[in-house]
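Here the protein sequences come in this chain order: A and B. Residue 1 is where the first sequence starts when you use the numbering used here, and the numbers rise one by one after that. Residue 1 is where the second sequence starts when you use the numbering used here, and the numbers rise one by one after that.
Treat the hints with caution; some may be incorrect.
These stretches of chain A come out as covered by chain B in the derived footprint (C-beta under 8 Å, 3 or more residues) [as the list claims (entries may be wrong)]:
id: 1; segment: 28-41
id: 2; segment: 58-64
id: 3; segment: 85-94
id: 4; segment: 119-126
id: 5; segment: 244-253
id: 6; segment: 261-275
Output of the computed footprint for chain A on chain B, the stretches with three or more beta carbons under 8 Å from beta carbons of chain A [to be verified]:
id: 7; segment: 27-40
id: 8; segment: 68-74
id: 9; segment: 82-92
id: 10; segment: 108-121
id: 11; segment: 125-135
Worth flagging that the hints you see were computed from the coordinates, not collected in a lab. Cβ coordinates follow ideal geometry from the N, Cα and C atoms, glycine included.
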Amino acid sequence: MRNIFLLLIAVTVVFASCEKEKTGSHVSNHFFLRNNNADMPVYVEGNVASNIFVIVLHGGPGDEVLVHKHLLNDFTDELEENYAMVYWQQRCAGSSQGNVDRNEVQLSDYVDDLEKLLILLMHQYGQQIEFFLMGHSWGGALGTMFLLEGDNQRDIQGWIEICGAHDGPLALEFSKEKIITTGENQIALGNNINKWEEIVYDAKQADLSTLDGKIEVYLSGFESENLMVDSMISVETGTTKDYISASFFKPFNLFSNIIPAPFSENFYEELNSLSLTDDLSEISIPSLFLYGRYDFLVPDSFGYSAYNEIGTNEKEILILEKSEHWPMKTEPEKCRIAVITFIDKYK
Amino acid sequence: MKVIIFILLVSFSSACFAQKEINSASLKISYFGEMITHPGLKCGIEYSLLTRNISKETKRKTKEKKCEIIIGSNLGAYTHFKYNTGVFLNGEIGYRTTRSTGNIFDFMFGAGYLRTFLNSETFEIGENAEVNKVFLAGNNSFMPSVSFGFGRDISQKSEVFDSWYLKPIIFLQTQHNSGILPHLALEAGLNFQLNK
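With the rest of the complex left out, here is chain A (with noise of 0.2 Å):
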């Protein structure tokens, strides 16, 4: 009997430790942020030192934040050894906890929670600490949100919007007229002709002002994407796969990324009406702008439009020529050096 109750602690023990804190100059803290029924974890990892913080604002709404750290390590890796990653999970998200009210979520939530993270990063590091904020798709939104509100660009030295998507309807537009225009050129190249003339038909038809309609944009971009494949870099990492086999080891739950997060019918018609485009002449702080060649759902004229609309001279833009929605995956080393030099111009 002791001996079966020395087994079971020594295997608990053994999975417990089955990760160790980081030493030296790579720092790994971890701690939560509760706000307004959230728990949000998040992760500081890298070169604390630095005193530049560079805040990931994963997409979604939805992701899991740790797939950046974890998944998309090629990336990450080396901007954790330059400055502090802040790999902060959103609220009603992958590892984020809590109990919140589906219907009362809205998008000012997660504006609030930013602002809070601030707070809390500063007071864990020092009034010293300097900001720059990452987004990916949604995080682009939640970016852009984020420094339109009030004087919150005075704490953030940078902004890198990585296939953001701060205008919905606007994404949508250029999201059809890209499916159309490449349809047409692949048609007239020879190239899966029957396949393209359909989508193109689907595409023409579309009705942007219906659901279907924008729904039938969503799915002709994903068909284009993948009719376009060989033209894009391929890549095994952060598969389906890889992420079923970390959420063995990791701090998340399998499960908390394969189901949709539930929100309220008001929450998704407030974010797809969301249009900042209009607003984009506010933001004046230094800001870079990554966009896929072949990205369909957020195109690169999309990126430009944003380029040309943003309120700062201080400004540059990287059109990812082999990549999709997730350039970070198919071309991590160009992303890092373009993060890297616009940090180290602006910090």
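Let chain A serve as the given structure and place chain B on it in line with the hints.
Below, chain B alone, put in the same frame as chain A:
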């Protein structure tokens, strides 16, 4: 809150019932791995509500099996590194067969209360931007579960233990965030009769 109180009462009542009928009761202790690798321990008491021995004649021999309706209650805990530590109390009811070969199969339905504690310091920002630490931050959830067990009767070989078992479990955590979070778990444990 009413649901939680109800679950606690049901769990305790089955434990009390088992104590009363101690001859049919057994204790169990197990490794409880949430997602297999997030370790924990679970212990519980089980009581056989209804037992029926069935024998079936075949050409060569007589096959016998014991069929039981089981109720039980469990107390357990697991920890998921940098995520949370869960402590739960649940009640279960299910069906178990023990074949003459010694193989045991069961399926159980459970309902319980799960209290999670966040596995790190938790902070809240006050109205005047002051940072406050939250003591024992965590959440309360309802925890329904279903499990399918396989085991082996070792009562003939062991003086202490009655059987060992392996049991994959699916349990739900509700409410979690703005919905329900399913969990997978694996339980590996030993059963022993109280009166042995």
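* To do: Give me the numbers of the hints this structure contradicts, sorted from smallest to largest.
  => Violated hints (numbers, rising): 2, 8; every other hint is consistent with the structure.
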